[in-house]
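Make a model of the complete structure from these sequences and hints.
Those protein sequence lines, which keep their order, are chains A and B. The letter at position 228 of the first sequence is residue 228 when you use our numbering, and the numbering goes up by one with no holes. To convert a position in the second sequence, counted from 1, into our numbering, add 511.
Among the hints, a few may not be true.
What the hints assert, rightly or not - So these bits of chain A aren't anywhere near chain B, every CB distance computed over 10 Å:
1. A55
2. Q110
3. F232
4. A283
What the hints assert, rightly or not - Listed next, with one range per pair, are the computed distances between beta-carbon atoms:
5. B/G664 / A/N509: 33 to 39 Å
6. B/G588 / A/A285: 22 to 28 Å
7. B/G664 / A/G325: 53 to 59 Å
8. A/K186 / B/A545: 46 to 52 Å
9. B/G638 / A/A156: 48 to 54 Å
Derived from the structure by calculation, the hints contain no laboratory data. A quick note: this is a predicted structure, and the numbers were derived from the prediction, not measured. All C-beta atoms, glycine included, are put in the ideal place defined by N, C-alpha and C.
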Amino acid sequence: MPSSETTKPVQGRAFTVLTMCCAVLAGMAATRPAAAADPVVFSFATVGDSRTDPATFDPTTALGIGGAGASGQPNSPGYPSLTGTLLPQDAHWLQNTKDFSRILRSIQAQKPNLLVFNGDMIYGYGRPSLPPQLSSIASVSALVSTDAVFEYLQYAYWRGLVSQMFETGTYVVPVPGNHETQCNSKDTTNSPSNCASGKTAYVDNEQAFVANMGDLIEDISTNERFQTVSGFGAVAVNGFTSATAPLSGGNNGNYTTPNSGSPSTNPQETELDYSFDITVNTASAPELLHFVVINTDPAGADQTAPSDWLAADLSAAKQRAATAGAIPKYFVFGHKPALTYDYNLVTSAGPNQPVSAGGLDSNTKTDPATSLTTDGVTINNPSGKYQYAFWAVIAHYNATYFCGHEHIVHVEAIPDPTGTSSNTPYQVTVGAGGSPFDDTLAPGPAEPVPFTTPWDRFYGWALVQIHQSGAVTMSVQGFNDGAIYNPSTGAISSLSTTGPLQQLYSIGNLQ
Amino acid sequence: MNNKILALAAFIAAGYLVPTVSNAALVLDTGTPAANATAVALDSNDFYAAEFSLTGGSTVTAIQAYLTNSFFADSPGDTFTLSIYQDNNGKFLGNRSAAAVFSTQGTYTADGWNGASGLSWTASTTGNYWAAIEINPPSDTAVQLGLLTPTTGGTAAALAFAFNDGSGNGYSSANALPFAIQVSATAPVPLPAGLWLLGSGLTAMAAAARRRRPAI
Numbered sequence: 001m002p003s004s005e006t007t008k009p010v011q012g013r014a015f016t017v018l019t020m021c022c023a024v025l026a027g028m029a030a031t032r033p034a035a036a037a038d039p040v041v042f043s044f045a046t047v048g049d050s051r052t053d054p055a056t057f058d059p060t061t062a063l064g065i066g067g068a069g070a071s072g073q074p075n076s077p078g079y080p081s082l083t084g085t086l087l088p089q090d091a092h093w094l095q096n097t098k099d100f101s102r103i104l105r106s107i108q109a110q111k112p113n114l115l116v117f118n119g120d121m122i123y124g125y126g127r128p129s130l131p132p133q134l135s136s137i138a139s140v141s142a143l144v145s146t147d148a149v150f151e152y153l154q155y156a157y158w159r160g161l162v163s164q165m166f167e168t169g170t171y172v173v174p175v176p177g178n179h180e181t182q183c184n185s186k187d188t189t190n191s192p193s194n195c196a197s198g199k200t201a202y203v204d205n206e207q208a209f210v211a212n213m214g215d216l217i218e219d220i221s222t223n224e225r226f227q228t229v230s231g232f233g234a235v236a237v238n239g240f241t242s243a244t245a246p247l248s249g250g251n252n253g254n255y256t257t258p259n260s261g262s263p264s265t266n267p268q269e270t271e272l273d274y275s276f277d278i279t280v281n282t283a284s285a286p287e288l289l290h291f292v293v294i295n296t297d298p299a300g301a302d303q304t305a306p307s308d309w310l311a312a313d314l315s316a317a318k319q320r321a322a323t324a325g326a327i328p329k330y331f332v333f334g335h336k337p338a339l340t341y342d343y344n345l346v347t348s349a350g351p352n353q354p355v356s357a358g359g360l361d362s363n364t365k366t367d368p369a370t371s372l373t374t375d376g377v378t379i380n381n382p383s384g385k386y387q388y389a390f391w392a393v394i395a396h397y398n399a400t401y402f403c404g405h406e407h408i409v410h411v412e413a414i415p416d417p418t419g420t421s422s423n424t425p426y427q428v429t430v431g432a433g434g435s436p437f438d439d440t441l442a443p444g445p446a447e448p449v450p451f452t453t454p455w456d457r458f459y460g461w462a463l464v465q466i467h468q469s470g471a472v473t474m475s476v477q478g479f480n481d482g483a484i485y486n487p488s489t490g491a492i493s494s495l496s497t498t499g500p501l502q503q504l505y506s507i508g509n510l511q
Numbered sequence: 512m513n514n515k516i517l518a519l520a521a522f523i524a525a526g527y528l529v530p531t532v533s534n535a536a537l538v539l540d541t542g543t544p545a546a547n548a549t550a551v552a553l554d555s556n557d558f559y560a561a562e563f564s565l566t567g568g569s570t571v572t573a574i575q576a577y578l579t580n581s582f583f584a585d586s587p588g589d590t591f592t593l594s595i596y597q598d599n600n601g602k603f604l605g606n607r608s609a610a611a612v613f614s615t616q617g618t619y620t621a622d623g624w625n626g627a628s629g630l631s632w633t634a635s636t637t638g639n640y641w642a643a644i645e646i647n648p649p650s651d652t653a654v655q656l657g658l659l660t661p662t663t664g665g666t667a668a669a670l671a672f673a674f675n676d677g678s679g680n681g682y683s684s685a686n687a688l689p690f691a692i693q694v695s696a697t698a699p700v701p702l703p704a705g706l707w708l709l710g711s712g713l714t715a716m717a718a719a720a721r722r723r724r725p726a727i
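Here it is as structure tokens:
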């Protein structure tokens with residue numbers, strides 16, 4: 001601490017010295033214990049949902065194109081403006097380029113070995129098959145606006161955005177989301193008859209995901225550059241062939257009632273559900289880090305997770321760890337949450353409105369397999385709820401589940417709903433990669449200010465670090481959307497630039 | 512001239528030569544954080560600065576920021592950069608090519624006040640300056656440290672705060688958050704006081720010499 005000055009009159013000097021003493025004492029009281037030297041030996045970042053929406057984009061992502069604000073200030077050209085529009089670039093490629101790029105920049109500064117992207121990298125929602133109207137297409141512009149071409153272009157734009165990560169030592173691992181695997185009848189540019197009413201996953205969409213992301217996934221196994229980029233080799237890959245991948249809806253084919261418009265038989269989910277191991281050396285013992293990616297909207301079984309395949313996969317990883325004398329750590333990534341985060345939704349009906357289930361808990365069908373045995377333990381799930389079986393598996397292995405879909409950042413420890421395990425693993429929702437925020441602050445009754453959960457309108461991501469000591473920590477960080485709120489109504493009154501990078505959650509012992 | 516007169520002259524001369532040094536005072540003190548204060552992330556992408564006034568001739572002797580290992584990424588001994596930028600009619604803000612007028616390296620030792628002391632950079636002109644904390648690899652070894660938001664008022668509030676999100680646009684004060692930082696500086700002794708010292712010294716010398724002159 002710097003010393004106080006001595007050139008003031010005695011009375012003023014005494015006051016200054018007293019003030020400084022108080023400041024020093026307060027500083028000492030606030031000082032945390034010294035951080036022990038515990039270097040990071042491996043880390044990964046995870047985020048999802050960077051696509052924007054052509055019709056209902058978040059107002060904080062609009063720019064003052066042609067605006068009249070002071071140069072370099074809100075409402076001026078290129079700066080945030082409530083009365084602005086999407087930058088033509090984002091309106092065309094349907095990506096929140098600016099905010100996702102800032103996330104990528106900050107992740108690069110953290111130097112993680114992996115970046116797992118939790119789905120919805122494109123707006124998609126078409127059906128990338130040969131369009132029925134193909135024979136009548138008479139212009140290039142009509143051709144490139146078809147679902148297949150347009151989705152491939154969106155994939156290419158996103159791939160360009162993340163390409164920088166590989167050059168700075170971070171390998172990008174893709175997870176399929178519903179905007180990749182599903183067709184939305186209101187968005188398809190193909191003949192509407194080609195897409196069932198509502199949102200439905202198709203094999204065409206899954207194949208488009210593999211066509212555009214497959215090189216990243218296959219390289220985890222073939223290792224053309226995975227180890228060179230990440231610094232670690234992946235072994236024990238699973239789900240990369242039809243022999244090891246699950247069927248849509250579960251390896252037992254127990255999703256017996258395919259959705260309307262879906263294939264009559266459940267497709268193989270090769271390269272849509274997959275896993276691999278990375279082993280890191282720590283001070284106490286090697287740690288076997290097991291990474292699993294699941295498709296939560298497979299063709300024929302929307303809103304499901306392959307719980308039985310996952311259970312077998314995690315059990316096998318546990319056995320490998322035991323054989324190697326390593327400590328297993330399990331990280332599972334899927335797009336949709338198992339249980340929807342009920343944030344403070346404000347509508348015209350008032351604040352604190354219930355949030356509609358949008359994750360695996362939105363599946364109204366039941367799994368006929370009401371029990372599941374893994375690792376010698378039987379999980380009884382008499383309710384047949386898909387999300388219950390899934391979470392019971394997560395809890396049994398004390399895995400951490402990372403997801404997106406909800407455009408929000410939230411960390412929650414969730415107990416096993418079946419009561420089989422006493423573990424309360426974390427569900428980490430990091431779906432705030434740039435997509436329009438779910439907490440929309442809709443005009444109407446006031447949202448409490450400050451918010452009940454102040455991070456609901458922050459762009460954010462999670463960083464998980466494995467330390468030399470073997471500890472697994474997680475830091476969730478992000479930045480605000482620049483919205484300035486009317487303190488009496490809670491509505492956005494004006495916009496600024498996005499704020500500084502802040503810590504949103506800090507978990508000292510993730511698992 | 513005997514030894515006593517020489518010693519007195521040397522003492523006076525020394526007093527004249529070092530009249531501009533006084534003890535350091537806080538010219539920027541934004542307050543102290545609570546243990547659970549919000550942390551902003553300092554890494555090689557996200558930089559922070561606070562604006563303060565400085566009188567020409569003042570010498571900055573220490574810069575300290577309240578840093579924590581909130582992101583589990585760093586160890587004691589990791590280094591970062593402390594810089595001072597001159598705010599010349601707002602040219603610092605938004606100017607991606609602004610050059611620091613002073614830079615030094617600080618060291619993270621433990622959660623709390625960390626920085627650099629024993630500095631001796633003197634401001635040539637009176638005006639507003641920015642104290643910035645940055646991580647510039649490879650010379651800096653810190654990865655990601657937490658800068659805490661102050662929860663108690665400081666003794667010398669910042670004129671403004673700014674941050675740089677790595678976008679290439681430089682620092683911006685829009686939507687910035689306060690963070691705990693302190694700058695210590697010595698104020699220059701005003702010229703009249705120096706002259707008074709010189710005059711009184713010369714008078715004392717003359718008086719001493721006359722007293723010791725032998726009678727004729």
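Hint by hint, here is what the structure shows:
The beta carbon of A/A55 is kept farther than 10 Å from every beta carbon of chain B, the shortest such distance being approximately 27 Å. Look at A/Q110: its CB is around 6 Å from the nearest CB on chain B, not clear of 10 Å, so calling it non-interface is violated. At roughly 18 Å, the least C-beta separation between A/F232 and chain B is larger than 10 Å, which holds for a residue marked as non-interface. The beta carbon of A/A283 is kept farther than 10 Å from every beta carbon of chain B, the shortest such distance being approximately 14 Å.
A hinted range of 33 to 39 Å holds for the C-beta pair B/G664 and A/N509, which are about 35 Å apart. Taken as a hint, the range 22 to 28 Å holds for the pair B/G588 and A/A285, whose Cβ atoms sit roughly 27 Å apart. In this structure, B/G664 and A/G325 meet the distance hint of 53 to 59 Å, their C-beta atoms being roughly 55 Å apart. At about 50 Å, the beta-carbon gap between A/K186 and B/A545 stays in the expected band of 46 to 52 Å.
With their beta carbons about 50 Å apart, B/G638 and A/A156 fall inside the hinted range of 48 to 54 Å.
Comparing the model with each earlier hint shows a violation of hint 2 alone; every other hint is respected.
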